Each structure stands twice: as C-alpha cells, then as structure tokens.
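These are the residues of each chain, in order.
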Amino acid sequence: MLEATGLTKMYGSFRALDALNLRVAPGEIYCLLGANGAGKTTTINLFLNFIAPSAGSVSVDGLDVVSHPLETKRRLAYIPETVMLYGNLTGLENLAYFARLGGHSEYTEADLRGFLARVGLQGDAADRRVGAYSKGMRQKVGVAIALAKRAKGLLLDEPTSGLDPKASNEFSALLLQLQSEGAAILMATHDLFRAKETGTVIGIMREGRLVQQLSTGEVSHADVERIYLEHMH
Amino acid sequence: MFRIVFAQELRNLAGARTWWGILGLLAVLIVLAAANGGSRFARMAEGASRLNDDETTLQRGLRDAVARYEAGPQGDPPSASSPGNVGLSLLGHYARLPFPALAALSVGQADVQPGYYRVTAKPAYTFTGVSEIQNPLTQVLGSFDLAFVLVFVLPILIVASSFDLLSREKEAGTLALVAAQGVRLRTLVLAKIVARAAMILPVLLALVLLAGVIVGADLADADTLLQLLTVFAVAAAYAAFWLALAVLVNSLDWRSETNGVVLANAWLVFVVVMPAFVNVAASMLYPAPSRVELTTELREASEAADREAAQARDAYLFDHPELAGAGAPLDEFYLKVLASDAAVEKAIAPILRRFEEQAASRERVVAGLRYASPAIAAQEALNALAATDNARFGDFSRQVQDFHARWRAFFSARIARGERLRATDFDAIPAFEYRSPGYAPSRQAAALPLAFLAGSAALLLAWAAARFRRYPVV
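Protein sequence lines correspond, in order, to chains A and B. Position 99 (the first sequence) corresponds to 649 in this note's numbering; numbering is contiguous. Position 216 (the second sequence) corresponds to 797 in this note's numbering; numbering is contiguous.
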C-alpha cells in the first residue's frame, strides 16, 4: 500500500534521505524510529508530496505520489506531530470541516460526535473552541479527523507526543483496530515501547538511512532498545 | 472542494470581529466623505448660482436707462447706450460650469481648475489667467471625498484583511493538515480570494449607491444609475488589484509580518509617492512659463500697442472692413482700446501658445504615466465618471472661448460701426449655457483605466498561481 523505492531527498549538498526502501502492506503498522533529524518526518512529507524527491519513487496504493498528488492524498490520512486546528472553531466544527475536505460530507453530527468520543475527547469539549484546547485535546481531534477519513493508509508523525499515558494507550488500541480493518500505517515515533507494542515492523533510521528493519514479533522490548541504542552511537 | 473551503472561509470571516470592524470603518468613511463632497459642491453650486445676479441687475439697469432715453430723449444719450462703455468697462457675464450631482463623489480637478470665468469683451487672457494653481498637498492627497476613500483607504483595508491570507495558515500549522486532505493550494487560495470578494463587494456596491443618494443623485435615472455602477466597477477593479498583490506577496512564502511591511510599502509607493512623482516629473519636463516673464511681456506689448494705437486702428479696420462705420466712430476711445487689445493679443500670442503647449505636454506626460500606478488610474477614472477631470474642464474652456468670441463680437461690431445700444439690444446680449456631453463619454474615458486595473489584477494572480506550484507547504 505504501512503498518507497530508492527514495532520496537532497537539500543542496545535504542528504536528508538516502535511498530509502520500505514497504507497508495493508494491515501492517510500520514504526520508523530514529533520533531528531534522522529523516522520519522527511519520509512522511515525501509520501504526502509536501516535498519532491530528489531521486527514487514513492507510491500510495500503486499510484506514484508525484504524478498523482491529489489521488494519493485522498487515500491517506495524516496526523502531524503537532495538530494545529482553527482556533475560532469548536472541536466538532473542525472535525466536520476536515471530514468534508476529506470527501465525507455525509456524516451527521451524531457520527462526528461518535468519532470524537471514540478518541476520548471528553464530554462537552467538542463544543468548545479549539483555541482553548490543550495539546493533547488537539491531538485527539487530529486522530478523529484521521478516523473520519476512513483512509487506506495512515501517516502518523509522533502521534502520541503530548498525550498522557491513558490517552496514548487508547490511541494504540485505535491503531490496532484500524490495523485489523486493513489500514496500512506508517508511524514515525520516538516511543520505543509503543513501537514494539503496536507495530508489526520497526525501521531504525539514522542520518537519512534505514539502517535496520525488525519484525516486532521476533524481538523483545529489551532487544528493541538495545538494537536502537547500538545504532544511535 | 472549492465550495467547502469557500463556505468555511466565509464563516471564518463572518465570525471575525476585525472583519466587521473593517467593513464598518469603510462604511463610516464613505458616508462622511460623500456628505463632505456633497456639502462642498452644494456650497459651490449655491455660490455659483448667484454669480450672475449682480450682472443681471446691472444689465437690467442699463437697459432701463436706455429705454427711458428712447421713450423721451432729453440731453445727451446715457453712457449706457455706449457699446464701448458697456462692453469694455461695465458689463461682464459669468460663464459657469454646472456640475452633475455625482461630481461630489470625486472633487478631482474642481479643486485646481476654475469652474467659472467672468467673460468680458476684453481679450481672453485678461479673465482666464495663465498661471497654474499649484497645491502640491491637494494634488497628492486630494479632497476628502468618495474617491479619496476608495483610492487611499480601501487598499489599506484590503491589505489588512489579506496580508496573511496564506502565510498565517502556514505559520499556524493548519495548512499542512488542509493540504493533506487533497486540497490544491490554488483552490485554497482562490476560495479565500472569492470569500473576501463576496464579503466586500456587495458592501462596496451598497455604499457607492448610498454615496450617490447622499450627494443627491437620482437613482431612478438609468444613466445616473449606470454611472454609479461604473464607479463601483472601478472601485472593484482597484480592490481586485490590491487583493491580487496581497496574494502574490503571500505566494513568496514570507512571514506574515514581512508581507504586511511589503504591502504597506507598496501602498506608500503606488498611492502617495508615484502620483506626486508623476506631477513633479511632468512639471520638470514641461514647466509652466514664468509668471514674471508673462507679466513683463504683457506690459511691454501694451506699451508698444499704445504707441502704435492709431496705426493699429487703421490696421484693425483694414483687417475687418465689414466693421467700418458710415460716420465718425462714436466710441473713438473704445475703438482705440479694441485696436490696442488686438495688437497686444497678437504680441503675446506666442507666449500664450507656448504656455498652452507646455500645459498640453504636461497633461500628455501625466496621461502617459497614469498607468505607472493603479492609484492614478483609479483616480483618473473616478474623476472622469464624476465629470471633474481635465477633459471636462477642457471642454468647458473651449465652450467659454466660443462664447467669448460671440460676446466680444456683439460689442466690438457696434463699437466699430459707431452704433449706440438700443434697449432691445440688451435683450440680445449673449448668455452662456454649458452644453453637457452627458455621462456616456466619461464612461468611455473610464474604460481604459478600468481595463488596466482589471488586467493588472489578472496578471498578478497569474504570476501568483505560477509561484504557488512551487510553494512549500511545510
């Protein structure tokens, strides 16, 4: 579903991404681990066609991202590291707007409230302006937007950043549910524990290169941490 | 996708207090400006309507004096029967340019060009004046009328509401989430543009029509209504230019604050500096002749003409044999004055011609440079539509010259023939009535500036669209 082949991104002489090869099949959760500046966000931006590759190719559901920018985006849901919404609108209004943009004008208010409840946005918070939300609350609305899109592919950039442990746990449960529904999920994260808990594949990135790929079923939490730290030195 | 973004943008704008503040300020300024322009022209019209009161009273008195003498001649004929005395000394006629109601929307050249002349039988230069009234502040800033608000203030409001049209979305972080939904950047920007236009244009139209009502225009008259709609079209095209400029600046991917500074400077250059520069450039390239030089030449020409008065009189009658009378000229003194005037006019004709040519060249320079700034183009279009532009005053001046020739001929023919004025002659003294060309020519005159403004806006948007293809969303 999500495929990068020899994907490279140069900024002048700086190689931000170096010949990345990865594949995320439907029903897989691929966790990209790495330090800041390793190329995780660059990878996600390339899948979203926010930036153009310098070499290689990137495709979504078999469609090249560069030559099919709109069609590929329609197949993707995206949760940025910091979900920024329209502060003058309520959580519900933001969800409604982004759902319509995502091609879903059919949702009723009850449907939208259901999405917000599913991500744990408590009580009347949905009717308050997002300008008064905490980071975690905005993150939940971002997750709700991704759910509402019913996309085949999900791109998540540090999605649990700012979430409390309970919310983070609830988010993991959601991811597993989406995985069971056949979504292909690419998640950039620093959270080794969450990557092992929810991911099916872990990719360790360093300085723009994918240095190791692990199947989470074959390693323990301790192994993941040890291998990761070995690559970071 | 466009409809979704457009509807949301409309809701965002409608929910923003600053937006209503902007529209409210525009409304207040337009109403005040229209009222100011209206009262100014009302005062001018009221004063102008009384201009000929004294002349009419004088003319009636002179006619009555002659009529009394004709009824029962006693003693010498009254001086009122002398065409020389009446035409060259006593009587004049104020040729007045009537302004339509819509003139109050743009004072334009009415501030610097004369709206009336006191026509006499003396040469035209004695009452037209040949010096320019230079009021740099007026020329730069104009009067506080609807045109001022549209040309100076409207761009500020447009820029204030659109300088961060896209940059704020990027800085706030919402742009990435919107773009990830598959919204083309150009669609997003277009929806924002159209939303702003949908909010401001109906208000602008209503305010222009309201301004027309305030200045006393008859909206039931189709021609007047069409004129006001053309004023709105110019305002809309001008607003479109500034909105397009804001969009272009946003396409350069600068910070919102930088956009604001750049657009503020653009306003300063286009609205304040360029118009002043154009005036200065025109005056430097084609300066008006020196007033001292003109006065000196006039005096020298008069003195020379006085010395040659007799010869001039003979030459005058030689040139105008049809005016030679049967007996001795009644008004020999005034005949000498006529001849002297003709000699002086001949002597100073080259300098007057030079002045007119310089003035015409200056106008050509200004006309050519009007497209250096959208503010100049908009102001010129609004002046044309309000009938306060140079073309209107030029037409008035030409009609006054024609009238002056008739007025002068009325008295000079009788002076040369040695005829006395009869009471019935006073009823035949010409009176000036301005033949208005109507509104249609002014709409034609406004068409090119209007097309320039709309075309410039389109070019800026096309440029911005090309830049948005490379715009970094993150």
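Do not rely on the hints blindly, as some may be mistaken.
Stated by the list, open to error - Subject to a maximum C-alpha distance of 35 Å in a straight line, what follows is the list of computed DSBU-like cross-link-like pairs (lysine-lysine):
{"no.": "1", "chain 1": "B", "residue 1": "Lys917", "chain 2": "B", "residue 2": "Lys703"}
{"no.": "2", "chain 1": "B", "residue 1": "Lys927", "chain 2": "B", "residue 2": "Lys703"}
{"no.": "3", "chain 1": "A", "residue 1": "Lys716", "chain 2": "B", "residue 2": "Lys703"}
{"no.": "4", "chain 1": "A", "residue 1": "Lys716", "chain 2": "A", "residue 2": "Lys685"}
{"no.": "5", "chain 1": "A", "residue 1": "Lys702", "chain 2": "A", "residue 2": "Lys685"}
{"no.": "6", "chain 1": "A", "residue 1": "Lys702", "chain 2": "A", "residue 2": "Lys716"}
{"no.": "7", "chain 1": "B", "residue 1": "Lys917", "chain 2": "A", "residue 2": "Lys702"}
{"no.": "8", "chain 1": "B", "residue 1": "Lys751", "chain 2": "A", "residue 2": "Lys685"}
Stated by the list, open to error - Stretch-level coverage of chain A by chain B, calculated; a stretch enters the list once three of its residues show a Cβ under 8 Å from a Cβ in chain B:
{"no.": "9", "stretch": "577-585"}
{"no.": "10", "stretch": "593-600"}
By construction, these hints were calculated from the structure, which means they are not laboratory data. Keep in mind it's a predicted model, so treat the numbers as computed, not measured. Where is the CB? At the ideal position from N, CA and C, for every residue including glycine.
Cross-check of the supplied hints:
1. B/Lys917 x B/Lys703: Roughly 13 Å separates the two Cα atoms, so the pair holds.
2. B/Lys927 x B/Lys703: 14 Å, holds
3. A/Lys716 x B/Lys703: 101 Å, violated
4. A/Lys716 x A/Lys685: Holds. A/Lys716 to A/Lys685 sits at ~15 Å (cutoff 35 Å).
5. A/Lys702 x A/Lys685: Given pair A/Lys702, A/Lys685 holds - Cα atoms ~26 Å apart, limit 35 Å.
6. A/Lys702 x A/Lys716: Given pair A/Lys702, A/Lys716 holds - Cα atoms ~26 Å apart, limit 35 Å.
7. B/Lys917 x A/Lys702: 105 Å, violated
8. B/Lys751 x A/Lys685: 18 Å, holds
9. 577-585: violated (count 0)
10. 593-600: holds (count 3)
Hint check: violations occur at hints 3, 7 and 9; the rest are consistent with the structure.
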